[in-house]
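With chain H held as given, fit chain Z onto it using these hints.
There are 2 protein chains.
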Amino acid sequence: MRRVHGDATGFPAAADALPPVVQRSGSAMGRATSALLDTDLQQAETVISTEAQVEDRQRDLEHQAIAVLARQQPVATDLRVVVTSLRMSADLERCGVLAQHVAAVARRRYPEPAVPQDLRRTILEMGQLAQRLMAQAAEVLITHDVDAALQLERDDDWMDELHRMIFHHLMDDRWHHGVETAVDVTLAGRYYERFADHAVSVARRVVYLVTGEHTDDLADPPATP
Amino acid sequence: MRRVHGDATGFPAAADALPPVVQRSGSAMGRATSALLDTDLQQAETVISTEAQVEDRQRDLEHQAIAVLARQQPVATDLRVVVTSLRMSADLERCGVLAQHVAAVARRRYPEPAVPQDLRRTILEMGQLAQRLMAQAAEVLITHDVDAALQLERDDDWMDELHRMIFHHLMDDRWHHGVETAVDVTLAGRYYERFADHAVSVARRVVYLVTGEHTDDLADPPATP
Chain H
1 MRRVHGDATG FPAAADALPP VVQRSGSAMG RATSALLDTD LQQAETVIST EAQVEDRQRD
61 LEHQAIAVLA RQQPVATDLR VVVTSLRMSA DLERCGVLAQ HVAAVARRRY PEPAVPQDLR
121 RTILEMGQLA QRLMAQAAEV LITHDVDAAL QLERDDDWMD ELHRMIFHHL MDDRWHHGVE
181 TAVDVTLAGR YYERFADHAV SVARRVVYLV TGEHTDDLAD PPATP
Chain Z
1 MRRVHGDATG FPAAADALPP VVQRSGSAMG RATSALLDTD LQQAETVIST EAQVEDRQRD
61 LEHQAIAVLA RQQPVATDLR VVVTSLRMSA DLERCGVLAQ HVAAVARRRY PEPAVPQDLR
121 RTILEMGQLA QRLMAQAAEV LITHDVDAAL QLERDDDWMD ELHRMIFHHL MDDRWHHGVE
181 TAVDVTLAGR YYERFADHAV SVARRVVYLV TGEHTDDLAD PPATP
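From first to last, the protein sequence lines are chains H and Z.
Numbering follows our numbering, with no gaps: position 188 of the first sequence is 188.
Numbering follows our numbering, with no gaps: position 223 of the second sequence is 223.
Worth flagging that the hints you see were computed from the coordinates, not collected in a lab.
Every residue gets a Cβ at the ideal spot worked out from N, C-alpha and C, and that includes glycine.
Take every hint as true, because none was put in to throw you off.
From chain H, some residues computed to sit far from chain Z (all C-beta separations above 10 Å):
1. P113
2. L119
3. Q128
4. D160
Simulated restraints on C-beta separations:
5. H:A17 <-> Z:Q151: 33 to 39 Å
6. Z:T77 <-> H:Q72: 14 to 20 Å
7. H:E213 <-> Z:A17: 20 to 26 Å
Only some residues are given here: those of chain H computed to face chain Z with a beta carbon under 7 Å:
8. Q73
9. V75
10. A90
11. L170
12. W175
The following block holds chain H by itself, in its conformation from the complex (with noise of 0.2 Å):
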C-alpha cells in the first residue's frame, strides 16, 4: 500500500475533501431505499432536496481543484491526484442525483408502495450493497490500498447478479404487478446498478493513481440490460 501524494502542492486539504462526500452519497442511497421499501413520503421529499445540493458541492470541489492547478501548478503525481479528483467529482455528483432518483420512484407511487413484496429482498439487498460499495469507495479514498479497490470491484459483481434476477423476474410469465410496478422496478434498478458503477469508478481511479495502469473491461458493460 501506498500513498500517492505528499504535502508538496497542497492538494491533500482538496482530496481529503472526497471520502467524506463519497460517505453521504453512499447514505443518500441508503435513505432513498428506506423510502422506497417503507413507502415513506417525507422521507423521500428529503432526500429529493437534500441532494439537489450536490451539483453546488461538485462545483466547489472543481473550483477547489481549478484553484490548486492555477496556484500550485503541480506536476507528475500530483497533477494527476488533482485531475482525478475533478472525474471523481463528476462521479459523485451522479451519484446524488441517483439517490434522488430512487426517492422520486416511491414519492411517484405514493400512497402505493413501488416495490411488490416478492421483489422487496432484492431491492433491500441492491440498496445496501450500494452504500457498502460506496462506503469501502471512501476507504479505498483513504487508504489507497489497491487489493481493496479491486475487491470493490468483486464486489460490484453480486450488483450486476442482482440486477440480472431482477430482469428474470420481470421477464418471467408469472410477473402479475402489472406494467407500471415493472416500469418502476426496471429504473429503480437502473439506478442501483449506475449507482455501483460509480463507487467502482472511484476506485479504479485510485488504482490508477497509485499502478498507474487502468483497469481494462467497462464498469458498465452493453450486455447488461
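Here is chain Z on its own, set in the frame of chain H:
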C-alpha cells in the same frame, strides 16, 4: 460570440479533437436507433463493438489534457478550457456506452422487434433528436456561440416531453405489449434522455467557459421518470 482560448497554450489542438468525437457520438446513436427500429442484428453488433473503443478515445483525450497541464502550465481561461475538456470527454464516453445500450436492447430481443408499432414514431423522434442535439453540441464547441448553447437546452425540453409521452403510454391501461416490451421501452427511453442530457452538459460547459456563469437547473431533474 467570443472565442475563449488562443493559441498560446497550444491547447486548441486538444480542444479541436472534441467536436469530431461529439459528432461520432451522435452518429453512433443514430445507427443504434436504426438497429433498434429495423431489428437489424448486424448493425447492433457493429455499434456495440465500435463504441467499445470510446473508453480508449476518452483516455487519449485525458492524457492529452494532462500533458498540456504538465508541459504548459496554463492559467486562467486556458486552464478552464483544459479542465472543461476533461469533463466533456467523460460526457462523451457515457454517450458511447448509451448508444451501445440501445443497440443491446435490439440485440437482446432479436429476431423480435423491441419497439411496438405504436411507439416507433416516438422512438424514431427520440433517436433523431438525440443525434441532432449532439450535432448542435459539436457546433457550439466550434463556434462558442452562447445563444446556440441555450437553444440546445430548450430543444432538449422536447426530449423530456417525448420521454414523458412514452411513460404515459406505458402507464395506459390499454398497453397490450406485455412486460418484456415495457421494460425494453423504459430502458431505451431512459438511454435517449440521458444521451440528450450529455449534449446539454457539453453545451453548458461551453457557456461556462464563455460567460463564467453556470446555468442553474439540473440537467437530469428527479421529477422525470
